[in-house]
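Here's the letter readout for the chains.
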Amino acid sequence: MGRLQLNNLSVGYGSKAIMTALDLQVNDGELLCLLGPSGAGKTTLLKTIGGLIPPLQGSIVLDDMDVTRMKADKRDVVLLFQKPLLFPFQNVLENIGFGLRMQKIDSKAIAEKCHKVMELTELTPLANKRVDELSGGQQQRVALARALVLEPSILLLDEPLSSLDPDLRQKMQHLIRRLQRQTATTMLFVTHDQSEAFSMSDRIALLIHGKIRQLDRPEKLFRSPANPDLAIFLGNPNIITGCIQDKILTSQNLSIAVNHPNAAEITATIRPEDIVLSDIEIADGIPGTVSAKQFEGTLTRFTVDLGQTSLTALCFSDSFSLGQKIWLQFPVEKFHFFTTDDQPPLPNGQ
Amino acid sequence: MKKTNSAQYTIFVLVLFTIIVPFIPLILWSLSEQWFYPAALPQKFGLRAWNYIFSTAGEQIIRGLVASFSVALTTSILSLFIGYPAGRALGLYNFKGKKFIALLLLLPIVVPPLSTSMGLHLWFLHLNLTEHFLGVVLVHLTFCLPYSIYVISGVFSDFNPDFEAQARSLGATSWQVFVRVTLPMTLPGVTVAALFAFLLSWSQYLSTLIIGGGKILTLPILLFSLMDGGDRPVASAISLIFICPVFVVLAASAQSLGRQGLRGIR
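First to last, the protein sequences are chains A and B. Going by the working numbering, the first residue of the first sequence is number 3, and it counts up by one from there. Going by the working numbering, the first residue of the second sequence is number 13, and it counts up by one from there.
Incorrect hints may appear among the rest.
Once the Cα atoms are required to be at most 25 angstroms apart in a straight line, the calculated DMTMM-like pairs of lysine to aspartate or glutamate come out as [to be verified]: (1) A:K18 to B:E176; (2) A:K131 to B:D174; (3) A:K76 to B:E176; (4) A:K106 to B:E176; (5) A:K336 to A:E267; (6) A:K85 to B:D243; (7) A:K336 to A:D307; (8) A:K106 to B:D174.
Reference excerpt, derived from the structure (chain B facing chain A, CB under 10 angstroms, subset only) [unchecked claim]: (9) P120; (10) D174; (11) G183.
From chain B, some residues computed to sit far from chain A (all C-beta separations above 12 angstroms) [said to hold, decoys possible]: (12) A19; (13) L26; (14) A51; (15) P54; (16) N63; (17) L90; (18) F145; (19) F168; (20) N172; (21) F175; (22) S186; (23) V189; (24) P232; (25) M239.
For the record, the hints were derived by calculation from the structure and aren't laboratory data. Just so it is clear, the structure is predicted and the values come from calculations on it, not from any experiment. Ideal Cβ placement from N, Cα and C applies to all residues, glycine included.
Next up, chain A with everything else stripped away, as it sits in the complex (with noise of 0.2 angstroms):
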């Protein structure tokens, strides 16, 4: 069991808070990312949650009971930093086993349990080598496993691969969403790599200037943002506001046909790329030309000048040259519109 709230929680140092009235459920046995630009204080949050530091208001509760004030060590909570704290005078093995000897449980079940998340983890071969002699992957792997031997009621990971090579990094996500997976522990994963909350996630609360302005299940997230400000935060710029007539966005001298009741004043965007670019005339495309190309990569991103506004599409082809007049298409079920009186919406709301 592993359900965590927060209650109008705020936290900070001394008398300095840095988020403010924070509410937040996290369901038992998901793992919940926590996403949001660096120094948002998600580290801060972390370290109250886990009774490292004091909330300066609201609660805490886990599992129907009120942790506020109880002790780190008493917590059924772990938190994993980001750097992975290996004692250094001890061996893989007995790092590993550390928490469960705080606990003065017996020896036998200690090296059982340890060997069951050592194979979990497989870090088996590597039990009785020192801790310097591993690569980082291999250290956070063990940071992973001392604190899953523990079995706490939740899971804390304070962006703990955020230091690794993107190869390896991608390796831990896979293998972090496995253990969650078949351990069922509810695990809460603070994260400023949007890709990694997308891939490992149940839920992500967007979390800007100390609050959470939206939570949803990735998909729902990245396809309808609540308002312009998480698009863009989401690596979405093409924002569009003007009116809806007979199905046709008019907004200063663009048409573009969609599929939406009239609306007198309203903002649409679309992903960069869900925009098809072509070199050659297409009905119903908007003409416009290229003012600015960056090589991505697998995709290419171009700006596109259409007169009044620009808008930037991502594209597999990168055949399009800088000041090249091409077409652009808008496929109508690709667009999402916010409605003009937006408001974030409630933190708990799925």
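Add chain B to chain A, keeping to what the hints say.
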């Protein structure tokens, strides 16, 4: 390859030589019965000095050893108890007046020990601490404590307190965190600090004489009185005895330091 080896060997021999050189006359003096200028070696060897030390003056010297040892041990333990938290505060945290306190700590080292001891003597007279074991320990502390604090604060300025937070989160109580994590990780520095304090206290003469007033007879006090007596062989023999414990302490800690190194402190 061979060249570096021989260079290393030469350096090793030179270092060893400079360490041993001062002791050669001591050993010779302690074994001489007759040694007059300008002879390079004593005219007559004998064990008179060593006989004197182990029989006639044996009891006195053992008392001196015990006095020195208990003063140095108490001083080093106390300077650890005070120096550990102080060093942690200076090394790990930022607070108002930190630089001033760090400067203040240097004062007993910078000001000549004679002035410090004379000044303290007046105060200790008022407090009835002169000619007393505790008084001697206290005056030794004024010279040892700055070193202990500086060594330990150096260790803590390289110590990542997240290790403690991680241990707490893994279910260790504050006491367990200290015993199982912080202490083992700072042990090399603690050993060095204790050693500094012990050796500094062990070789104190002036402050012991002024505050102890000749009642606390540590080995250096005995040594000076014998040297005053002009008996070179006996003074040399006592000097050698005086050095022995230092070597024992150094060798023991060097081994533990070599094993632990400064591993894990980053």
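Unsatisfied constraints (hint numbers, rising)
Those not satisfied are hints 6, 9, 20, 21, 22 and 23.
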